[in-house]
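Undergrad: Sequence:
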Amino acid sequence: CFGGTAALFNAISWVESSAWNGKYALVVAADIAVYAKGAARPTGGAGAVAMLIGPNAPLVFDRGVRSVHMRHVFDFYKPDLSSEYPVVDSKLSIQCYLSALD
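Per the numbering used here, the sequence shown starts with residue 89, numbered consecutively.
If you're looking for bench data, these hints aren't it; they were derived computationally from the structure. Be a bit skeptical, because a hint or two may be false.
[What the hints assert, rightly or not] List of simulated lysine-lysine pairs, BS3-like, C-alpha gap at most 27 Å:
hint: 1; residue 1: 125; residue 2: 111
hint: 2; residue 1: 125; residue 2: 166
hint: 3; residue 1: 111; residue 2: 179
[Claimed, not checked] What follows is a list of derived Cβ distance ranges for each label pair:
hint: 4; residue 1: 118; residue 2: 173; range: 32 to 40 Å
hint: 5; residue 1: 130; residue 2: 150; range: 32 to 40 Å
hint: 6; residue 1: 179; residue 2: 150; range: 18 to 26 Å
These numbers come from a predicted model, not from an experiment. Where is the CB? At the ideal position from N, CA and C, for every residue including glycine.
Generate coordinates for the entire structure from the input sequences, incorporating the hints supplied.
TA: This is the structure we're talking about:
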């Protein structure tokens with residue numbers, strides 16, 4: 089998830105920089121989520137988006153409205169390579185999202 093976000097902000101920074109050569113940037117982000125049977129399974133799926141980044145775009149990013157929040161928790165992780173399914177603690181995830189707003 090963050091890889092796509094980082095690519096988007098990197099592309100915007102490049103277009104705004106003195107190194108920009110006048111060409112558009114193309115950002116492609118994709119993810120797939122597969123869960124074992126249980127409560128999280130219906131939330132699985134796949135998605136992808138392609139974004140063309142350049143000047144005079146109809147959608148403008150306000151560079152001043154941006155934040156980062158990190159916290160080391162085990163709300164979602166893959167413990168080893170023996171299974172394609174992650175371990176999910178959705179209640180802890182929600183607590184983390186809400187505490188990030190404080």
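Undergrad: For every hint, state whether the structure bears it out.
TA: Hints, one by one, checked against the model:
Pair hint residue 125 plus residue 111 does not hold up; C-alpha atoms about 46 Å apart against a cutoff of 27 Å. At most 27 Å may separate the alpha-carbon atoms for a hinted pair to count; residue 125 and residue 166 meet this at roughly 16 Å. Of the supplied pair hints, the one linking residue 111 and residue 179 is violated, its CA atoms being roughly 44 Å apart against a limit of 27 Å. Against the hinted window of 32 to 40 Å, the Cβ-Cβ separation of residue 118 and residue 173 comes to about 19 Å, which falls outside the hint.
The given range of 32 to 40 Å is respected by residue 130 and residue 150, whose C-beta atoms sit roughly 35 Å from each other. Taken as a hint, the range 18 to 26 Å is violated for the pair residue 179 and residue 150, whose Cβ atoms sit roughly 33 Å apart.
Hint check: violations occur at hints 1, 3, 4, 6; the rest are consistent with the structure.
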